[in-house]
Each structure stands twice: as structure tokens, then as C-alpha cells.
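**Student:** Residue numbers for the sequence shown follow the UniProt record's numbering, so the first one is 1 and each next one is one higher.
Certain hints may be false.
Straight-line alpha carbon distances no greater than 30 Å define the calculated DSS-like cross-link-like pairs of lysine-lysine that follow [stated by the list, open to error]:
id	residue 1	residue 2
1	102	71
2	115	103
3	102	115
4	103	71
These are computed hints drawn from the structure, not numbers from a lab. In this text, all values refer to a predicted model and were calculated from it rather than measured experimentally.
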Amino acid sequence: RSLGLYPNSEELSPSLVFLRRSITPGVVFHVMRTFLDAQKAAIEEFAMNKNKREREFYSLDVGDSTFTVLKRYQNLRPIGSGAQGIVCSAHDQILERNVAIKKLSRPFQNQTHAKRAFREL
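With these hints in hand, go ahead and build the complete structure from the sequences.
**Tutor:** This is the structure in C-alpha cells:
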């Protein structure tokens with residue numbers, strides 16, 4: 001019997017002995033290649049989604065705040081501000097109507113602000 005941390009072949013169950021003999025450098029290479037291919041695909045998808053987001057959104061400074069909105073909302077202009085944030089009017093090109101967009105300045109400053117922000121949704 002082995003006295004070390006790892007059992008010897010005789011101490012392993014038959015299925016583990018089979019696995020130990022089956023895991024060749026070729027199998028390890030295949031598993032690693034599959035993992036790396038999946039990782040590469042995930043990175044490419046992330047980059048593609050970033051490009052898609054950049055195409056769908058734009059940013060506009062309104063007062064002291066920067067609004068980042070979908071491109072469907074055009075002609076942003078401020079119509080009011082208060083303790084909670086700033087409100088802009090915009091034209092929704094898909095719905096073909098005017099809408100209001102509110103940007104809360106500090107929605108999670110404390111529990112009261114967080115509850116108020118949740119109600120705004």
C-alpha cells in the first residue's frame with residue numbers, strides 16, 4: 001500500500017484505473033482545445049454585443065448629467081429637475097410619440113432612495 005497522499009493503482013477502483021489509463025495527452029489536448037474554443041467564442045460574443053450596444057445607444061450631456069439612451073429616442077431636452085434627478089422629453093421614433101425620460105441622480109444612496117427608485121419602475 002502507498003503511504004503517500006495519492007493511492008497507487010491497486011488501491012483505485014477498477015473504473016478509476018480505467019480512467020487513469022484512458023486520459024492520454026491527446027485526450028487532455030482535445031479537452032483543452034474544446035475549452036479554449038468555448039472561451040474564444042464567449043470573448044467574441046462579448047465583443048460583438050459591445051459593438052451592437054454602441055450602435056444602438058448614444059450619449060448626450062443634459063445639464064450636469066449625461067444621458068445614455070437608445071437611438072430611438074431623439075431630440076432630448078430638459079423639462080424639469082429636482083432632488084431625485086432630471087427629466088427630459090424625447091421623441092420615440094418607433095412609437096412616433098413624445099415620451100419623458102427620468103434619470104435618477106442617486107437612486108441607491110440610502111434605503112429610502114432605493115425604495116423610491118423601485119416605485120419609479
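**Student:** Given the hint that residue 103 pairs with residue 71, test it: the Cα-Cα distance must not exceed 30 Å.
**Tutor:** 16 Å, holds
**Student:** Is the straight-line distance between the alpha-carbon of residue 115 and that of residue 103 30 Å or less?
**Tutor:** Given pair residue 115, residue 103 holds - Cα atoms ~15 Å apart, limit 30 Å.
**Student:** Taking only the CA atoms, is the gap from residue 102 to residue 71 under or equal to 30 Å?
**Tutor:** 16 Å, holds
**Student:** Assess, step by step, whether the Cα of residue 102 is no farther than 30 Å from the Cα of residue 115, and give holds or violated.
**Tutor:** 16 Å, holds
The structure is consistent with each of the numbered hints, conforming to all of them.
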